[in-house]
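Q: In case you want the letters, here they are:
There are 2 protein chains.
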Amino acid sequence: MKRMPVNFREKFDKFDDHWSPKIIAQMNDYHFKLVKFQGEFVWHKHDDTDEVFIVINGEMSIEFRDETLKLKKGELFVVPKGAEHKPFAEKECEIMLVEPAGTVNTGDTGGSLTAEDDVWI
Amino acid sequence: MKRMPVNFREKFDKFDDHWSPKIIAQMNDYHFKLVKFQGEFVWHKHDDTDEVFIVINGEMSIEFRDETLKLKKGELFVVPKGAEHKPFAEKECEIMLVEPAGTVNTGDTGGSLTAEDDVWI
Chain A
1 MKRMPVNFRE KFDKFDDHWS PKIIAQMNDY HFKLVKFQGE FVWHKHDDTD EVFIVINGEM
61 SIEFRDETLK LKKGELFVVP KGAEHKPFAE KECEIMLVEP AGTVNTGDTG GSLTAEDDVW
121 I
Chain B
122 MKRMPVNFRE KFDKFDDHWS PKIIAQMNDY HFKLVKFQGE FVWHKHDDTD EVFIVINGEM
182 SIEFRDETLK LKKGELFVVP KGAEHKPFAE KECEIMLVEP AGTVNTGDTG GSLTAEDDVW
242 I
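Read top to bottom, the protein sequences are chains A and B. Under this note's numbering, the first sequence has 105 at position 105, and the numbering climbs by one with no breaks. Add 121 to the 1-based position in the second sequence for this note's numbering, that's all there is to it.
Source of the hints: derived by calculation from the structure; they are not laboratory data. Possibly wrong hints are sitting among the right ones.
Unchecked claim - Using 25 Å as the maximum straight-line C-alpha spacing, the simulated SDA-like pairs for lysine to any residue come out as follows:
hint: 1; chain 1: B; residue 1: K194; chain 2: A; residue 2: G58
hint: 2; chain 1: B; residue 1: K202; chain 2: A; residue 2: D50
hint: 3; chain 1: A; residue 1: K2; chain 2: A; residue 2: Q26
hint: 4; chain 1: A; residue 1: K70; chain 2: B; residue 2: E180
hint: 5; chain 1: B; residue 1: K212; chain 2: A; residue 2: I56
Claimed, not checked - A few chain B residues that face chain A, going by a derived Cβ cut-off under 8 Å, partial list only:
hint: 6; residue: P126
hint: 7; residue: V127
hint: 8; residue: N128
hint: 9; residue: L192
Where is the CB? At the ideal position from N, CA and C, for every residue including glycine.
Chain A on its own, in the form it takes in the complex (with noise of 0.2 Å):
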């Protein structure tokens, strides 16, 4: 069996959507996902699970609704279950997520930007 590690680089290359997650890695019944942010997400939760944000390039912002938290290159952030935010990306950055399979974009939200959730890169 040919093991092959899963370069950030190449998987961000392949595709220029915006909040659309696409998932590289499973672990356990987690899923690490990539996607690129720009401009304003929706407020949502996520009513069962935490939700982990990596910033690999670039810099975003996480609103609550008490204030806003700026993340940039290098840094992780886990959003607790249940906590209303907003994400926002001022430029295009590229972002690493880590939630339970089949976490859904938009949360309890939906709406127009809800991404299908099982879409491997």
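Got chain A sorted already, so can you dock chain B onto it with the hints?
A: Only chain B this time, still in chain A's reference frame:
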């Protein structure tokens, strides 16, 4: 509540020892850990869980019984549950591990390189 991002550089600068993972974040029942590797670890496996390696800086190898996988900065690999493996790094490298809380670094092998599994940094 003041939320703080976890900055990998700041966390790595806080320790010098090798093969001793430090927890930086928890997502549900999973831990994100930073660790510095240099030299050769022990053959071991984790019978109950997959284990994710992400190279933050430098490069490392994971020996399997049938091949050796090289991983460099910006690459990720999931070691499947039950797979015997031995991490190796010629020069010091900086790694992030993702695995269930309580996972022991030496798996089923134990021995003198076994680290505490609940050290936060």
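Q: Taking the hints in turn, state whether each one holds.
A: Hints and how they fare:
1. About 17 Å separates the Cα atoms of K194 of chain B and G58 of chain A, which keeps this hinted pair within 25 Å; it holds.
2. A hinted pair counts as satisfied when its Cα atoms are at most 25 Å apart, and K202 of chain B with D50 of chain A qualifies at roughly 23 Å.
3. At most 25 Å may separate the alpha-carbon atoms for a hinted pair to count; K2 of chain A and Q26 of chain A meet this at roughly 17 Å.
4. The suggested pairing of K70 of chain A with E180 of chain B is violated, with an alpha-carbon distance near 29 Å, which exceeds 25 Å.
5. For the suggested pair K212 of chain B and I56 of chain A, the alpha carbons sit about 23 Å apart, so the restraint of at most 25 Å is met.
6. Here the hint on P126 of chain B is kept, as its CB sits about 4 Å from the closest CB of chain A, short of 8 Å.
7. With a least beta-carbon distance of about 4 Å to chain A, the hint placing V127 of chain B at the interface is held under the 8 Å criterion.
8. Annotation: interface hint on N128 of chain B holds; nearest CB of chain A at approximately 5 Å, less than 8 Å.
9. The closest approach between the C-beta of L192 of chain B and any C-beta of chain A is roughly 5 Å, which is under the 8 Å cut-off, so the hint is satisfied.
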